[in-house]
Structure formats: C-alpha cells, structure tokens
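Throw the hints in and build the complete structure from the sequences for me.
Number of protein chains: 6
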Amino acid sequence: MKFKELKVGDNNIELYALVIDCKTKQTVNQTPYYGLILSDGEDQADARIWTVSLVNNLKDKAIVPGEVYKFTVKVNDYAGKNQIIIGQVEDVDPNYVDLSSFYKSAPISEEQLRTEIKSFIKMIKNPILQKIVVELIGKNADKYFRHQAAITMHHNYRCGLAYHVYSMLKLAKQAVSNYPQLNADLLYSGILIHDIGKTIEITDNKTPSYSLEGNLLGHIVIGLTMLSEVIKQFGFEKTDEAIALQHMIAAHHGELEYGSPKEPMILEALALYLFDLTDSKLAGTCEIVGKTEKGTYTTQIPTLGRKTLYVPKIEE
Amino acid sequence: MKFKELKVGDNNIELYALVIDCKTKQTVNQTPYYGLILSDGEDQADARIWTVSLVNNLKDKAIVPGEVYKFTVKVNDYAGKNQIIIGQVEDVDPNYVDLSSFYKSAPISEEQLRTEIKSFIKMIKNPILQKIVVELIGKNADKYFRHQAAITMHHNYRCGLAYHVYSMLKLAKQAVSNYPQLNADLLYSGILIHDIGKTIEITDNKTPSYSLEGNLLGHIVIGLTMLSEVIKQFGFEKTDEAIALQHMIAAHHGELEYGSPKEPMILEALALYLFDLTDSKLAGTCEIVGKTEKGTYTTQIPTLGRKTLYVPKIEE
Amino acid sequence: MKFKELKVGDNNIELYALVIDCKTKQTVNQTPYYGLILSDGEDQADARIWTVSLVNNLKDKAIVPGEVYKFTVKVNDYAGKNQIIIGQVEDVDPNYVDLSSFYKSAPISEEQLRTEIKSFIKMIKNPILQKIVVELIGKNADKYFRHQAAITMHHNYRCGLAYHVYSMLKLAKQAVSNYPQLNADLLYSGILIHDIGKTIEITDNKTPSYSLEGNLLGHIVIGLTMLSEVIKQFGFEKTDEAIALQHMIAAHHGELEYGSPKEPMILEALALYLFDLTDSKLAGTCEIVGKTEKGTYTTQIPTLGRKTLYVPKIEE
Amino acid sequence: MKFKELKVGDNNIELYALVIDCKTKQTVNQTPYYGLILSDGEDQADARIWTVSLVNNLKDKAIVPGEVYKFTVKVNDYAGKNQIIIGQVEDVDPNYVDLSSFYKSAPISEEQLRTEIKSFIKMIKNPILQKIVVELIGKNADKYFRHQAAITMHHNYRCGLAYHVYSMLKLAKQAVSNYPQLNADLLYSGILIHDIGKTIEITDNKTPSYSLEGNLLGHIVIGLTMLSEVIKQFGFEKTDEAIALQHMIAAHHGELEYGSPKEPMILEALALYLFDLTDSKLAGTCEIVGKTEKGTYTTQIPTLGRKTLYVPKIEE
Amino acid sequence: MKFKELKVGDNNIELYALVIDCKTKQTVNQTPYYGLILSDGEDQADARIWTVSLVNNLKDKAIVPGEVYKFTVKVNDYAGKNQIIIGQVEDVDPNYVDLSSFYKSAPISEEQLRTEIKSFIKMIKNPILQKIVVELIGKNADKYFRHQAAITMHHNYRCGLAYHVYSMLKLAKQAVSNYPQLNADLLYSGILIHDIGKTIEITDNKTPSYSLEGNLLGHIVIGLTMLSEVIKQFGFEKTDEAIALQHMIAAHHGELEYGSPKEPMILEALALYLFDLTDSKLAGTCEIVGKTEKGTYTTQIPTLGRKTLYVPKIEE
Amino acid sequence: MKFKELKVGDNNIELYALVIDCKTKQTVNQTPYYGLILSDGEDQADARIWTVSLVNNLKDKAIVPGEVYKFTVKVNDYAGKNQIIIGQVEDVDPNYVDLSSFYKSAPISEEQLRTEIKSFIKMIKNPILQKIVVELIGKNADKYFRHQAAITMHHNYRCGLAYHVYSMLKLAKQAVSNYPQLNADLLYSGILIHDIGKTIEITDNKTPSYSLEGNLLGHIVIGLTMLSEVIKQFGFEKTDEAIALQHMIAAHHGELEYGSPKEPMILEALALYLFDLTDSKLAGTCEIVGKTEKGTYTTQIPTLGRKTLYVPKIEE
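Chains as they are written, first to last, in my numbering: chain A, 3 to 318; chain B, 3 to 318; chain C, 3 to 318; chain D, 3 to 318; chain E, 3 to 318; chain F, 3 to 318.
One or more of the hints may lead you astray.
Pairs involving identical chains hold if they fit within one copy or between any two copies, as the list cannot separate such chains.
Taking lysine to any residue pairs in the SDA-like style, the calculated list, with each CA pair at most 25 Å apart, reads [unchecked claim]:
1) Lys315 x Ser213
2) Lys240 x Gly216
3) Lys63 x Phe104
4) Lys25 x Gln85
5) Lys172 x Lys283
6) Lys240 x Ile153
7) Lys25 x Tyr212
8) Lys127 x Thr298
9) Lys106 x Pro182
10) Lys315 x Asn217
11) Lys6 x Gln132
12) Lys127 x Lys315
13) Lys234 x Tyr98
14) Lys264 x Glu289
15) Lys315 x Gln176
Calculated directly from the structure, the hints in this document are not laboratory data.
All values reported here derive from a predicted model rather than from experimental measurement.
Take a look at the structure:
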C-alpha cells in the first residue's frame, strides 16, 4: 500500500516502508516518542510511535535508518493533513519481500548500464587511454556501477554515478559529430573516469554520507590519486595521454571557485566540463519538473540553488 | 596565390586579397604611406603601399575595407618576416573572379542550412509555437540565414547565425532523447528564434558592426520586440506558449550579469541556455584548435576570455 | 478603536480590522484554531479564533485576507504581551464603513498625483516623446495611477507607483537646473514611463502578488513590450526618441546584476537610474525612520538589505 | 589665438598657452627635442621644440608645467593632423596678460560660491552643528573655496570642491521637501564638510597631485582628523551631533569597497552618499556630453569607468 | 561543583554559576517561567525556574545576566539530557567567593601581560614613536589591559585585547629576525596601538556590547581619533612617524571590504595586517580545537565563517 | 665592473654580464641589430649590438639567454640615460671566472639550508610523518634544495624553494609556542612538503619556465601525486597522518579561487596557509623595499598585485 492511498480514519493498515530518519522526541509534558520520516519508494511521509517500547522486539532493538520495516498503522487528521500513527513494527525478511522498490534507482538497470558503458569503452582505439580506463573502472567496477553520484544534489540514487556518465557519453557522441576537432577517444575516456573519486568520497551504505577522505580531499583529489596509481602501474607517466586525463579530472568543475585546481586548458577538458554542467543541471531539474503539474511552480530545486521553476501548460 | 606561398625576393607577383583594414600612416621623416591588413581567405598578412597616389586609379579613389582587389607585389624581408610591398592595385570584376573564397563562411552551405532548419521547424506540432516561429523566421529569412552571429567572438562568419542555431538543435535533439521531460516543441522553438535580434543588432555589411539599436538595446531586447509584434499579430498575447517564448529569449544568457533580465525559470529555458553556452564555447575553440599543431599551445581564444589551450599529441 | 488602545482584561470590544493573513493551526492536543495577522491601518497585531465554526456566518464562509471585518474581541496577557482573542466576526458593509483608512496609500491623493504628473507631461515639447508618453500612460491610466510600486520593498501601497514617479520628477527638475546638458524632455519622458511594466507585473488585487508575466518576464521586459507597441502604432520605429526611450526602460536598474539587460549608455538614462536609486532607497527608509523614536535604532529596513539604522537625537 | 583656429602652413603665429606637460625626447638618430602638451584653456594640443637651447632664455632655464608662456609657432601637417612646431618661447608677465582663462574653473565664480554656500550654512539652526561647520570651513576657507575636487575624475578644476558641495546642497534642498523625515540641519552640515579632507589630500599647486597624507590616509581619514580636532576644541565629544557628523564623513562613499570604513547607518548619511554619487556621476558626464555632437558617441568618461555614451539627436 | 559532575536524580545540589542569559518564557498552558543559560566557568548549561517568585528575595529582585549566584538545584532527565531545575537562588558575597573562575580570561594574568607588553614598549628606540605609544596606552591603560577584543569572535574574554597584542608581538619578533628590512620600532608601535579604539567600541560591562560610537564609527575610526589627539598634543603632525602610525591603524584590516579605508601602503602596515589575520584566525580556532576529541569534528568556528574542522588522530 | 660604474663616453670597457634576453630587431631603415637585456648580478641594463655578425665567433653562433659572456662596450648617451653599445662578445670559461655572482640566490647557502631544514625534520617524532617527509624530500633532494619557488613572484632565485620553506618553519616554531594546540609534527611536516610539486612544475634550467605538467596540473596536483606514491610505498593509505598531509598540500592556497581544491579543514592546514601567505607577501616585498630609498615610493611589487608602497623616513 502506498502513502497516497491512506486516508483519515484508516486503522490496522499494514504497510512496508523504508525509514529515512528516526529521532527521539518529547511531548510538552515530557513523554518521549519517536518521530520518523518514511518512504514508500515514491513519496515520503511523517509518522509517530507514541509507545517507545514497541521497538524492543526488533532485531536491533532499535529502528535503523536505511532499513525497510513492516508497520501496522492508523491514520489521524493533524491540522488538515494525514498523520500516521504506528501501532506495531516488525523486521522484514528480505527473502520474502522485494526491497528494490524502496530504494530509488537509475531509470535503467545496472546490467543495461554496464552494457552501454562497455560499448563506449570499446570505441576507444588509443591503446594508452583504453588501458588506463579499463584498469581504473575494472578494479572499482562494483562501486562504479552501483554508487550514487551525490548525497543531496543530482543523481542521488543507486547507479546514479554510472547513469550520469552514460548520459554525458550520449551528449558527447552528438558533439563529436558536431565538432570534428574533438578527439573522441580522449573525450570518452575523460568522461568515463571523471567522477571515479566519488566511489571513495561517498560511503557505500544504505544511507550514504561523506567519508573522511571525502571531506578532507574531495572526489577530484581522490580521483587523481586513483588515476596516478594506474598510470604508474603501466609506466605511462610522461605521456600526453596520462597528463591529459589527469588534467581532465582536475579541471572538470570548470572554474577554480567550484573546486577545480586548474581551469580547462585542453579542448576535451572544456567539453567534459560543459557536458557535466549540462547533465547535472538538467537531470536533477527534469526529475522534479516531471512530478509537477503543468501550469504550476515546482518545489525548490537543489541543483539550481533552490530556485523554483514554472512548468508551462503547453501541449506537444 | 596564397600568402603562405610567398617568399622573400618574390617580385611582380599578382594576387587577389580581401582588405581587412587600410590606414594612412607616416614614416619618421613624415612621408605618408598606407598600412594594410590583407586576407587571402585563409591567412592574414600586413602589407604596405609606399606610393599613396597608387589608389587614384581605383573606382572609389580609395581602398575600401571589405572589398577584394588585385595586387601586384614584391616581398621584402623585415626583421626576419615577409613584408609585402604593393606596387599596383586594381579593382576586381566580380563577374570574372570568384569572391566567395575570400569571405569566411559556415562549414555547410546556406541551402543546406535552410533545409536542415526547416526540417526542425516541421517537427513542431504545437500550432501556436509553429505559427510564431514560421512567421518570425519567415519575415526575416534573408538576414536570418546569411547573418553572422558575432563580430569578434564565435560564429563570426557568413551564415554563422543559422549555423549556430543548427548546431544547438542537434544537441537539443540528443537531449530530448536523454531527458523525456523536455518539451521538444518548446525547446526547438526557443532555439530557433533565441538570437533573432542579432539580425538587427549587427549591420549586414561586408564589414559588420553594431547598429545603434545594437549598442543601446542589444539583441535580447530587439528580439523581444520582434517577437511581441508577431504575438500581437496573431492575438496570442496571454498564452503560455507566447509567454514561455518571450521568457526564453529574455533568459538565454543564463545569468543577470551576462545581460539576461531574467534567469531561466522554465526547464526548456534552462536547456536553451546550456546548449547556447556549450555551442558558443566549443565552436569558437574548435576552430582555433583545428589550426594548431598537436603538442603546442593555441593562440588566445576570444570566447574563453583570451585563454590559451594546449593541444595534446594523442592519436585516435 | 486602534490596537494601541487595547489593554489586558478588555472584553467585548468591537473593532474593525483588515486581515493580512489567516492560517489554520492546531493546539498541542490537536484542536484546530485560526491564527490571524490584523491591521488597523496603523499597526499590525496577532489574534486567535479558538472556535473555528465562528466563520460559518460570513458571506464567504471563510476569512479572506485583504478584506476588512468587524471583530468582537477580548484581550489576554500572553507572555507579557497583549493577545487578542476573537469571539465574533462579521462582514462589513462598505457603504456604511469608510474602508480607506485600512489600506495604506500614498501621502497625497490620486487626484493630486494625476494633476501633478499631467503638469510634467505638458512640459514635454518634443512631439514624438509627448505622443508616446501620453498614449502609453493614457491607455493604462487606471492602473498607472492606482498601482503600488512593489510588494515588499519601497512604495508598497496604493498609488505607490505614481507617487514614486512624482518624487523622481521633482528630483529631476532640480537636476535639470543643476546640469543644463540634460535633455529635460527626454528625462521626464523616461521617468514617466520607466515602471509602466509594473501595471502588469503586479496583480491589481487587494493583496497584490506577482503575475505569471511578472515572474517570467519582469517589469522591464513587460514595459519594453508595451512601449514597442505604441512606437509601432505611431510609426516611430527608427527615431532616436523611440530608441532612447526603449534604452531608458531597459537600463533603469543601472547594472546588469540588478536585471537591466543594458547599462545606461545615454546621459538621461544614467540620470534616470540615479533618481530611481535615490527615491527607492530614501522613500522606504524615511517611512521607517519616521516611526522610530530619536536616540534608538530602527527595525530592519527592506530596501537596505535588512540593515538597521540609528536615529540620532538632534534638534533642528 | 585658439588652437582650433590654426591651420597647416601657418607660420610665425604668436599664441599664449598653458604647459600641461613637457618631456625630453629623442629622434631616431638620437637628437634630443622637447615634446609638449599645451592647453589654450579650451582644447589641448601636442607641440614640439626641435631646438632644445630655446629654453635657455627663460627665467627658470626650463619650461615648467603649470605655467603659461608666449609661443611663436608654425603649423605642419603630420599624418593628416596639425603639428605645432615651436620656434620661440618667452616668459609671460602676469601683470599684462589675463591668465585666468587658461585655468579651468567652476561654472560660477568663487565669490558666488562663497555667497551661496554661506546662505546654506545660515539655514542650520542647531547650534552644535552650526558651530562645528562654521569653524571647520572658516579655518580652511581659502583652500575650501579654491581647491579642485579631484585630479582626474569629476570637478577636477579650480573651485571644483566648493562647486561640488553647492550642487549637492541644491539636490538636498529638493530632497528635504520630498522627504520630510530628513533632518535638514544634519544633512546640510554633513554635505558642507564631507570632503573637507580633500584640502589636504590634494596639493594646492598649479599641477595638483596627491600629498603623502593623501596617499597613505585618504580624504576620509584626513577629514575625520580635522573634524575631531574641532569637536574636541568645543567639548562636543559625546553629543549625537558630533558622532553623527563623524559617521557621515566616514560613510560618505557608501560601501566598504569604495573606501568607507562604515556603511551609512543614519538616514542623512544615506542621503549624503546618494547625492554625492549622483553629482559625481552626472557632473563629469555632463561636461563631456556637452562637448559631443548630437547623434555621435562621446569619448571615454572617467567617472563611468571609461565607458562611452551616445548623445541622441532629440530636440527639446 | 561543575555541570559535568551532575547526574539525573541529583537533588538539593548547591552550585555557583554565572548567568549568561535569563528570559521569561511561558508553558503551553501559559504559566510563566524563567529559562536560563548558566556557565560554571568551563561549560554552559540550560536551566529552568518554574516558580518565578523565587527571584524576589534577590538584591535586584531579578536575575541579572553577567552576575554569579548560588543556586540550589535538582536534575531531571529531559529527552535523554540533563535538565537543571532551580529550586532556590541567592546573591553571592564577592568577599567570600572567588568569582574569577567564572569569567573567561586570557591564558596569562593581567600583571604578566603588563610586564610583557612594557618590555616590548621599551625596545622602541625612536623617540617619536615611543612617546606616542607610551602616552596613548598610558592614558587608557586600565581599559587597554582589561578589555576583551571582541564580542563573539576571537579573544572575547577579559584581557583579550592585551593578549591579542602580546601574541602578535611575539610573531612580529620572529619576523623581524626573518626579514631584516622590517623597521622593528614601527612594527611594534603599530601592533601595540592598532586596536586601541576597541576600548571605546566595546562597552566595559560584565556583558559587553557595542557602544554608539562602536556602531557608527567602529574601532578603526575611533582609534584614529584617539591617535590624532596624541599626535597634536606633542606637535608631531607632519612627521613620517605620525603619518605611518595613522596609516597602520587605518590599514590593519588589510582590504577595503573588511573596513579599512586604505589598503597597506607601507611594509610594516602589511606585516601588521598579516599578523593580525594570523592571530585572529588561529587563536579562536585553537581554543575550540583544544576542546575537541581527536578523530572528530569541531563545532562551528565563528572566526572561520562558521566552518567545521576535523581534528586528526595523530600523536606527536 | 658593475653597470652603475659606467658613464657616458666610456670606451673599450670589458665587462662580464648574464644575458637575460636577446632579441633581433630592426632600425627604421630596416638594418637588423640585437637588443639585449643584461644583468651584472645586481642591476639590469639594456644594450645593443649593431653588427649582427659579431656573434658568429661564439661557440653557439648565437647569444643564449641564461649564459654569461664577456663584452667589450662603449657607453653613449641616449635620451639622458646610458646606452651600452657592444663592440665585441666572447664566450666565458667557467673554470676561470666565478659565475655564481651573476645568478640571484637565497640569502643563505644551500649547505646552510640543508642543515637547518634537516634539523626541523629531526624534530618530527611521529614515525609515519617522519618516514613520509624523509622519503619525499630525500628522493627529490637535489631539486628540492636548489629550485627556485616561482618564476616572477616571490623567491624567484636559486634555492628559493628551500629558503621559503625555512622561513615558514621559523614562523611556525614561534606559533607552536604561542598556540599549544598546534600539532608541531604535523605542521612542520606539512610545511616541509607543501611545495614539493614545484620541483616538477618549474623546469630546472638557467631560465626556468613552466613544464607541461606545470601548466596542465599545477604544483598542488603534482605534489599530491608525488605524495600519494610515497604513501602507497609505505602502506600508509588509510592513516590520519597520510590523509592530513594530502589535505595540507591540497588546501595550502587557502581558498578555492586561489587554486586549492579544498579549503583548510584541519587546524594545521589553516596555520600552513597563513604562514605561506605571510612569507610569500613579506619576502618579495622586503626585497624591493630594501632597495628603495627612505622617503620615496617603491617600484610596483609583483606579489602585491603590482601595488606601490611608501618607505617612510623613520630611524630605529
């Protein structure tokens, strides 16, 4: 059952939900309770557990954010909105319940992403570039194809990192046709590895957060370290290919004030920056616009500095 | 004969060249002479006319920038470089000499551009959008398909404006496939007319410059005026289509400090801005990179704030 | 009766007040109530309606922000401040109650403003400028003379737009005497129409807000569209007068980052910008300073980026 | 005789001119000569002295910038422009020649300025303010009424400082009528003394330059020091009048990045800043616009960051 | 007894604490109570007084922030944290209780600071500089050696101003050895007096705040006024020493946007700015880092724009 | 013989000088000549070779910038300044002439720098930090102790890099005593290696320039790569010591817009940034101030954005 199907007065409803957040709170007369934010895979909703001892029967003796539970609830009216009151909570056996629908994921499957991205890697004819890219993605493949690309911004879902790379590659392919001066091998290689550092910057938990390296170094510096190790392993240190790839990771935020220690100084680094900018702005915005009724304004959009857009009533 | 074929000691060489600039100067002992900048369609070169009376036999009794002449020259060495000394100058009969090679033009012909752009216009199914676009481009077609897009920056050549639009449309087509939330009709319409004001901002001479309206109003305000006239003519004033198109012209520079009176507030305006940015940065840069030897640095690139890029030695 | 006359313990007091805001809220034990912000024309005050069914006898079955009602109230002490508890609410018959005192208005009447502004229009001797100004103001006269100039900033009251224009005209008249190089006809014309787009940017309700055109285009673009229609109607398209007026509307925010697509490029556009800046900063600030006791600090001032000023104790 | 009356071929012409600059130069074959910039009080012109020994008969054995001399000249053509060749140079007896026309001065005389400014001082009724202003201007009166207000920017001529103050006072008088909350006594007092530090910042020579205090402290800090001395002399240290005046000098550049150590925090300081901004932008611009033909563009305008304006062809 | 020793269930505990803040609040059923923030000299804690009449027996009939009281308390559990409930409050006799531990103070005593700073003053051999420094510090000695240097930023504790000067002098001494071109006399003199205006900018109460002069003029302008009085008193007005010291106070914030009316234009002013920056950033940060467990992140650091640092687990 | 000893009329003077620059030029009548910039180790001077065949007897058949030659010269007067005319030029045998005086070097010798820096390395007690620092400096020792720290800014001379590190270490030692919360081991380690990437960023020639890695990656990214190789070699990858050192190199420019991909997030990184800033500003400035007469202004100072300082006449 989805949250949008609930209505005031419902009672003894069983539903499965992912816990986004669970905090101990206290009523004005100082009785403790739990305030939760739940997700049914589509929408989020607030809920309350008035009886804190309810959680004692759980495996962990506590409600763990990032896990899915089975809840038995009733629905009250609170200031004109539904309020979910939880009467019972039980652990879920992943063998019997399909959890995938609770975790937001990329629009296409991990398998498809692996296939599509590999077909781009095969297009790289320059042997130095290909070796570096194959090795760097290969040794980090599990994380590379499953990681999310951000915590709160664009592509913040499973396989978000790989999906972001795939979208950029498609824009780049069109650009290679528009602008024949672009070196396709170099451009594809740069796009494929530009965010490799995110596999370490963001932890791989159910509720991802920034690692210590993520906070102190950031994914550009981490990615440069990962790349330089592969370059050394193959003995490619002084090649233009190696230096160009290092430059492309370093410069992919486009401007110093966005955290790039160098601004783009080769054509393909400039193109990489422009496609990264385009995809990061459009992907996050499209997701929110897609949920907004025509003729109304969207909610605040994180990748646009919390701006609000209008969705015009225009038929195609 | 091209400039790059000239060598010191050549004499009585006949060549056709476009005059970029022609200024009266004076030697240290105060003898007047002409200093010229010539173009053979590929390269530019300095030249001098020591005998100022040479020009008297010309139709205009003067050398007019923007025109092609037949010159008879010799080549001196000046500080290690070729110096072209003009001994004779004659008018050129356009019936006997093909002038097109002297004027820089878009990579594809005006006819092809008309065909390609019209095929995009046909894809617009929304009747309001289509009517506006057809009318606005139709009544300005001659200028629209022949104008250059800028004076010193990107696409500063014949048909540059239409070629810029065409490149953006191709990027947009890929994006419509990547991001299904984009309204293709609106996005294509916006791209097709976003720079329409440039047909008035920049004069249509052989040596284009900014018009009075161009200086005082700029192509965004001029384009908005041209658009609002067509909107009124059809009675589309309060439609979302009309307001969205006006917004897209107003917002296409993306940020207030780049001269847009509004920042993008609809998804397709955001996409338009990103493709305009991408094409304007890449097109101008590619042109210069294409003329640069691998393993060396380019000349200063106007669209990149006069930055210099490195062109790596990497085989595809 | 005014809010400042109320004191704790008052009961069964009848008072007329304008509703600024009315929201449904809920007590900790989840009983709904209404939280209101009222205005007596001078001050604002919070109030509560504990019995939500009270509103059922109203014409609209609801309390509508922007309307004046008759309230019967008592006054409690809440944390050392007056708390107004509403016991009864009734519709008001505008035929029997003078509502004008509840709506903030310009310091002089609409009639005076019409007279003063028309006398400036008569000073314009240049026939092109005069025709444009007369037509543009004439066809929008009702809104032009009644609109407020902003929603939260300066001149946010009835006739605020016209009063802002009038204040600028007086500054300009002194300037024309200081600086004889100023073209008075052009300067007055520009001032008279510079904010004409606000008649469409801001809706003309009792509680004004931004229209769709206001949000997507802004008053500069809207004003330019209104002006270009009048220019076309008279056939003045290529005159310096028409282009100068268009430029003055476009440039009146003075800098690109304040939303002007062009910075002032004629002397009178520069002067217009400076008087607009001066009046917008001083008018809003003076209003707040006028309500502040000498020797103390003001509340935060919206037009000054929420800064606080000191009002010195200095006798004149 | 004025420079604009000279024509090529003139010989043995006697003219009086102010020397703006005089530098020793050298021809290509290393013969020394003098390159001069002369002013006839209206225009400037370049001139040359080929015989350097010519200056030996002068009182100072040298040509001193800032002085007026009698020159005997001929006029050559140099690259299409007049070139003044000086054949003889003589000292000028100020008893026989009226030098005033060579030095640029305010549009009204020093006497008029003294009268006008004193009438404003008399309007100040607050005794503390009046005492401070009378004393501060009185003890610096000679410099105050004769100094120029800047070296290269606006009001860079004799009596420029006092004329700038007078223009601001007239704007302020209109503003006091527009905005009754303004304390006229405080505003006039602040305007009268805001630039008092310029009497020390800029040296009082025929060719003014920045003094050491000017370079290291600037006119705001110097003015504050001059004011605090007068405040102490009268024992007004802790009065709101004294603190407000100090604040007004400190804040009159309006923003920290323009060199004010405090931004305006009282209403009259805000008004002072706005009138200073307005007069400094308009006065310098008007002077250049007044010399520009209608329908053309001005030269670069120093107070507008070297921007160029258009002067429209519009009759009043 | 210190706050960290309290545990839930404690009752009738007597403790001495400094009141940071005391506000009247109200429970949901509108019973008033006091909410306090207390300090035991090391940590801060919230506390409540449910019986407002408790304060009637105090000398001031009220709890005054900045004073130390004796409290009798019990400790409840509130949402898992200690909640201090005050049952009794009494005035404290300073003759019997040592209050110094409740007020945060510099790491070394006022006496030591006086000794250390005087030894630096004695190093100044230039008689003009020494006279000025001795007089300026001498006439303000009480405030100079006891004032805090800021309200919320760095060195916001008793003797903070003098301790800040002392830390800078030690850095400067090392720098004089590194860079022999530094004039030690001038550098030490400038450091000694650079913040003298803070003795007037910040009031000398137990709970310091900004004075009117502090708000309207700031410590740079106040310090310049204090300095110029001493310069005049000795007749040092035109000396390089006096002008250099004035410049050093004016320029010590380093950049216009940080409130300096002039940027450093002498070497020692540049050095002064750099040591001021270094000490202000490091002192405040070190204090917070010193309280943070290794391997964790600090709280937000005021002098770093509220950034959070990581304290690595690294042994020395 | 030094340049300052030369006077007009000198002939057949022999002198040794380092060639900074040598360009082929041409007189107005198109005769080629060489224009040189020479250095005698203290000052620079322009010189000319009119007879271009003079260079044919040299070993390289050309004058090579960065080399010292023996010149035979005469001295002409050119526009009031000495002009050196070279009559003869010969190669120099380094076995017979001491060339060291022609190359600018650090104030103390390479040997002293090695000793001083090693004594700081020995103070590092933490074994991980010490191993990393010893290895990183050890394997690059020749470049580390001889490189210059910049091309045009501060420390642009032999051993400039090591001297910059040494100056910072001395400031840091004082700071460790001022601020006991600083981890001295970490701070010294960070300072010792922060600029290690400059050994590759800047080429090690007699006339240093930026390498390809220097242009495309910069010394921060290069240094990070060098460091991560050593970290991997010892297996220190996940230690706080390794991550902290990586962070310190990444953050040492202090702000994103100065090229640091991360701003300081640990205390010692903040301190490192502040000492780097202090030494880079003071060292370059002191050098120029040291050559400037008291009571005059300096030339433009590169590290201060080309600002000019005043050197006051103040005795110590």
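Cross-check of the supplied hints:
1. Lys315 x Ser213: between (43 Å within a copy, 15 Å between copies)
2. Lys240 x Gly216: Result: close only across copies, 12 Å inter versus 28 Å intra.
3. Lys63 x Phe104: For Lys63 and Phe104, the Cα distance is within 25 Å only inside one copy (22 Å; across copies 43 Å).
4. Lys25 x Gln85: both (16 Å within a copy, 19 Å between copies)
5. Lys172 x Lys283: both (16 Å within a copy, 19 Å between copies)
6. Lys240 x Ile153: This pair counts as between: shortest inter-copy Cα distance 23 Å, intra-copy 36 Å.
7. Lys25 x Tyr212: Classified as within: same-chain Cα gap 21 Å, cross-chain 39 Å, threshold 25 Å.
8. Lys127 x Thr298: between (49 Å within a copy, 23 Å between copies)
9. Lys106 x Pro182: between (38 Å within a copy, 18 Å between copies)
10. Lys315 x Asn217: For Lys315 and Asn217, only the inter-copy Cα distance (15 Å) is at most 25 Å; the intra-copy one is 43 Å.
11. Lys6 x Gln132: Answer is neither: 49 Å inside a copy and 39 Å across each miss the 25 Å cutoff.
12. Lys127 x Lys315: between (47 Å within a copy, 15 Å between copies)
13. Lys234 x Tyr98: For Lys234 and Tyr98, neither the intra-copy (48 Å) nor the inter-copy (45 Å) Cα distance is at most 25 Å.
14. Lys264 x Glu289: between (31 Å within a copy, 23 Å between copies)
15. Lys315 x Gln176: between (30 Å within a copy, 23 Å between copies)
Hint compliance for this structure: hints 11 and 13 are not met, and every other hint is.
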